[in-house]
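Protein chains in written order, with the working numbering: chain A, 36 to 343; chain B, 36 to 343.
Incorrect hints may appear among the rest.
The list cannot tell twin chains apart, which means a pair is met if one copy fits it or any two copies do.
[What the hints assert, rightly or not] With a cut-off of at most 35 Å between alpha-carbon atoms, the simulated DSBU-like pairs for lysine-lysine come out as follows:
1. K294 with K51
2. K221 with K165
3. K165 with K83
4. K137 with K165
Simulated from the structure, these hints should not be mistaken for lab results.
Chain by chain, the residues:
Number of protein chains: 2
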Amino acid sequence: MDIEKEMSDRAERIEKIIRSFLPEENEQNYYDNTVRLAMNYSVLAGGKRLRPMLMEASFLLFGGQGEAVWPFMAAMEMIHTYSLVHDDLPAMDNDEYRRGKKTTHAVYGEAMGILAGDGLLNYAYETVAKAISDAACGQPDGGQVSHMARAFAVLSTYAGIDGMVGGQVVDVESENLDPSEMTEEKLAFIYEKKTGALIQASLMIGAILAGADDTSVEQMREAGSLLGRAFQIQDDILDMTSSLEVLGKPIGSDERNHKVTYVTLWGMEHAVDEVKRLSQEAVRLLDGFSGDSTFLRELFCYLIHRER
Amino acid sequence: MDIEKEMSDRAERIEKIIRSFLPEENEQNYYDNTVRLAMNYSVLAGGKRLRPMLMEASFLLFGGQGEAVWPFMAAMEMIHTYSLVHDDLPAMDNDEYRRGKKTTHAVYGEAMGILAGDGLLNYAYETVAKAISDAACGQPDGGQVSHMARAFAVLSTYAGIDGMVGGQVVDVESENLDPSEMTEEKLAFIYEKKTGALIQASLMIGAILAGADDTSVEQMREAGSLLGRAFQIQDDILDMTSSLEVLGKPIGSDERNHKVTYVTLWGMEHAVDEVKRLSQEAVRLLDGFSGDSTFLRELFCYLIHRER
């Protein structure tokens, strides 16, 4: 399998799905059109669509069929996007560019950056609500509805203060501390929540919506945790070993910002070993399932051994 | 009925319910405790608890029993609170005080103000998700679940770009325009969405969760729309006729900010007549229901004829 080709084909298809769930724009009739433009600009500004891709692959691995996973894929990408929009704000990371494009607040102003983020987070749940509410009307037997309700619970928990927002908070607070106050435990907390939470939730939600049993969902959670950690350590490694040309952003930024990473805590050799160990464990978890996990396995390996 | 006494008794009881749904604080064990403190500070900084009060009263009017409405009351107040927290940010209204207390970003910093707002909005949906997911597991017959799913859809729609966020966006954009560009239609749009949407949703959700029929839910939506408009026009009137002592904030702020209101558009006499007309219509809608609407009727009148 040419994994890069496969990923880009899937990303293109997934982007069409996401697009179909985005709010309508209408220059003529809406007073509130600006926020719609800003939201859609943010979501369509690029990205690998990694989280919805993981969600769909997990859904297929457990025999999921049809479109039940679509609204959740779109909602996940909206939540991921809102977190970037707010993270880029002047009071947070103050970034004017992301993936070579102007950030949302840089184009639409700071107030609209805040409101577009709020709008996206809320719209993610509007999308889920519509799906659950349609299913609850159409199928009063409750089978699919109870899967969707559980997926909604996982999505909201992993996106919130016990998940992504929680990681963001600790990351923000750590920037004001002396680097010597960063511990391995706290760094693991930040990585697990800030990067790991939505990856875990994506893998879990795909499994839940396909009707996988509790043990399988728990294994996908664990695989997501390992993948998230490996992914983030690889990020730290690339920041020290890659080049501006390959990475698309200046290397060495962690060092310049006196940021504590696994590489500075452990040294390069241990960090490289740890990525290998975590990724092998994550892939091994996939072996236990009877479905075809070829794509997911290759995706795991690609993400962990990527060069940018 | 001594409506002020009744409102304050209910607010006290409702605050206990809301408190029971707020995130746990734990100084010792959580790296992410700051955001929990900031969220709880924001929610517990006072307020009339008007929206959950309307929701509960509507629930009772339609014969609702038990605690099914509680998580939605808490979620509604969290959403209302997050909107205030973000509205107070320096990039928005830049307010250091609200109801005589420091605003969230003034206490915890701007980044934490953004994250606490995000955390609250998300936590509102976590609260709803837990309720729906518990109900879906316990009662696979789907009756209560389908009410809750519909309530979730109303909550998210009225809180988002088609509701409160939409009104906020147009309000923010209007501040940069020449006051002569404000039209009656646009002002109605802002009032209906920014103030009206959550009031409408509260009345509708109470009815939906109590199992009211579609016509009744639609009438509560209409009552909420009339109430929201009357409430906001009364606000404009008070800003010109009240005093610092009664209102608790300086009067004449709209005029100083060159803000177009119904009073400046229509003149005082017409504005006062309009509040009377809207409130009579809203109360008349309550007459159609067989349940005891005494409290709701008096609450409507109080809100519209209030002096602060």
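Structure-based check of each hint:
no. : hint           : verdict
1   : K294 with K51  : neither (37 Å within a copy, 43 Å between copies)
2   : K221 with K165 : between (38 Å within a copy, 28 Å between copies)
3   : K165 with K83  : both (26 Å within a copy, 31 Å between copies)
4   : K137 with K165 : within (32 Å within a copy, 37 Å between copies)
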